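Chemist: Could you slot chain B onto chain A? The hints should help.
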Amino acid sequence: MKYLLMICGDESAAAHANDGCGGWSEEMEARGVVAGGAGLRPPDEATTVRVREGELLLTDGPFAETKEQIGGFVLIDCADLDEAVEIAAKHPAAGYGTIEIRPVWEPPPGVV
Amino acid sequence: MTFEEIYRQEWGQVVATLIRLTGDWDLAEECAQEAFAAALQRWPIDGVPDRPGAWLTTTARNRAIDWLRREAVGAQKLRELAATPAESDPAYDVPDDRLRLMFTCCHPALAMEARVALTLRTLAGLSTAEIARAFLVPETTMSKRLTRAKQKIQHAGIPYRVPPAHLLPERTPAVLAVLYLLFNEGYSDVVRSNLSSEAIRLARLLVQLMPEEPEAAGLLALMLLHDARRDARLAPDGALVTLDDQDRTRWDRAQITEGTEVLDSALQRGVPGPYQVQAAVAACHATARTAADTDWSQIASLYAQLPQTPVVALNRAVAIGMADGPAVGLRLVDELAAGPLTGYHLLPATRADFLRRLERWSEAAAAYQQALALATTDAERRYLEKRLREVSVRS
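In order, the protein sequences belong to chains A and B.
Under full-length UniProt numbering, the first residue of the first sequence is numbered 1, with each subsequent residue one higher.
Under full-length UniProt numbering, the first residue of the second sequence is numbered 1, with each subsequent residue one higher.
Excised from the complex, chain A in its bound form:
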């Protein structure tokens, strides 16, 4: 199963920017569960896109007006939610921020 880990922190996230990943990346690379990912520029540099009734609406800033910010994301491919939770819990950001796990939408058999 594929999952997107959204690494969310609050304003204090910047203080952890140089913490490094404490061996998480190395372990996950070795386990072969990482399928992609990146760190992100801060939310005030985000642009949100919506199309309503054919009209393109661009908004300066992030989608959600919350204190939490998506600082990065990792795409993982692992057995099930328990393994995804285990992987997310090991990520250093889980210690000060939040990691949201989203299953990647997979088309039902027969559609592709």
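In short, the hints are calculated from the structure, not lab data.
Watch out, some of these pointers could steer you wrong.
[Said to hold, decoys possible] Now the in silico label distances, taken between C-beta atoms and shown as ranges: (1) A:G23 - B:L168: 20 to 30 Å; (2) B:H155 - A:G23: 39 to 49 Å; (3) B:E4 - A:Y96: 29 to 39 Å; (4) A:V49 - B:P108: 30 to 40 Å; (5) A:P43 - B:G339: 36 to 46 Å; (6) B:E335 - A:R41: 53 to 63 Å; (7) A:D10 - B:E71: 42 to 52 Å.
[Said to hold, decoys possible] Dumping the calculated EDC-like pairs for lysine to aspartate or glutamate here, alpha-carbon to alpha-carbon at most 16 Å: (8) B:K152 - A:D10; (9) B:K152 - A:E27; (10) B:K152 - B:E5; (11) B:K152 - A:E29; (12) B:K144 - B:D26; (13) B:K152 - A:D80.
Since the model is a prediction, treat every value here as computed from it, not as a measurement.
Even glycine gets a Cβ: it sits at the ideal position worked out from N, Cα and C.
Modeler: Chain B only, in chain A's frame:
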């Protein structure tokens, strides 16, 4: 055994096995339902088979094969399923299936209310309408909740298995919490008492499936001991009857014996936990010949072993007050008054009771009035009103 009893006993196993075989929760339930419907038609004519569960599982599995064939999807699944021999179904009686189902329904990635609803639906076989009625929500709401939970299990990849040993200590409390919540939903309300019976039935199953887990036995003992007093808890007019005043001949002796036996064997493992300790408190009450014989010092020391939540602290204050006198109890309760229990009706109710025992009638009346304003059920209100009348005439 009546059909109803067979249904209650076998439903969870049939559904659990079918989920394992097909990986499809809705299909599993539908096929189980069809199998029970077929049994209702066949058994009166052919007689009840020797192993009704195996018969039901085989029938449900054949329905699943038919369905997969009709839909012409899941060819792989169909082959696997068809390859399992049908006669004296070996898929039946896999003890892990129901345990797997219980842990999956109670996975911490599901909302608490979804865990409870799913457990009742898939393990206990309650209909969506029955569960909705029990939780006082419209049937459509409950149906959406169940659908969403099943979809999350499938789409989010919640595994259908008993967690590996290293996850058991963190997952088992979630299962126990769901069963205890179920029990309490039924215990506080006469109309919903079938929820308590289901919780006890599922706890028995859990103890049978996890004999190594003393807290499961502790929870079963706790529920049995509380439930044994069910009939004596309410007066004919619906008012709550407190332990002091309950007619002890109406307690279910057989159930008390069973509860204390289950508890004793759990305690022998030497790994006490909150459920075993609470069961020990319940056992102190249940085995006291009269209210006056209650071993309150023992109860107070048991409460001291529990995590000191505000409610536990209040219960402990009550026990100490009963052992050492109402003046001591009142002082302890008053110390709790400024804390997080403000607005909790049992705080003024307890104060009122100690004041009554101290014959400080007008203060007691004021405290009963405070408790009345905060009480949450009719049974409690009636009890408090009765006490208020008693102390008011004396003040």
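Chemist: Taking only the CA atoms, is the gap from B:K152 to A:D80 under or equal to 16 Å?
Modeler: holds, 12 Å
Chemist: Against the 16 Å threshold, does the CA-CA distance of B:K144 and B:D26 hold or violate the hint?
Modeler: holds, 13 Å
Chemist: CA of B:K152 to CA of A:D10, is that 16 Å or under?
Modeler: violated, 27 Å
Chemist: For B:K152 and B:E5, compute the direct alpha-carbon distance and say whether it is at most 16 Å.
Modeler: Violated - the C-alpha atoms of B:E5 and B:K152 are around 31 Å apart, more than 16 Å.
Chemist: Is it true that the C-beta distance of A:G23 to B:L168 lies inside 20 to 30 Å, as the hint says?
Modeler: Holds: the Cβ-Cβ distance is about 27 Å, inside 20 to 30 Å.
Chemist: Holds or violated: are the alpha carbons of B:K152 and A:E27 at most 16 Å from each other?
Modeler: violated, 28 Å
Chemist: Between A:V49 and B:P108, does the C-beta distance stay in 30 to 40 Å?
Modeler: Check passed, 35 Å falls within 30 to 40 Å.
Chemist: Given the hint of 29 to 39 Å, is the C-beta distance from B:E4 to A:Y96 inside that range or not?
Modeler: Violated - the Cβ-Cβ distance for B:E4 and A:Y96, about 54 Å, lies outside 29 to 39 Å.
Chemist: Starting from the hint 53 to 63 Å, judge whether the C-beta atoms of B:E335 and A:R41 obey it.
Modeler: holds, 54 Å
Chemist: Could you see if the CB distance from B:H155 to A:G23 stays within 39 to 49 Å?
Modeler: violated, 31 Å
Chemist: Between the beta carbons of A:P43 and B:G339, is the distance compatible with 36 to 46 Å?
Modeler: Given about 40 Å between the Cβ atoms, the range holds.
Chemist: With respect to the beta-carbon atoms only, verify the hint that A:D10 and B:E71 lie 42 to 52 Å apart.
Modeler: Given range 42 to 52 Å: holds, Cβ gap about 48 Å.
Hint violations for this structure: numbers 2, 3, 8, 9, 10 and 11, all remaining hints satisfied.
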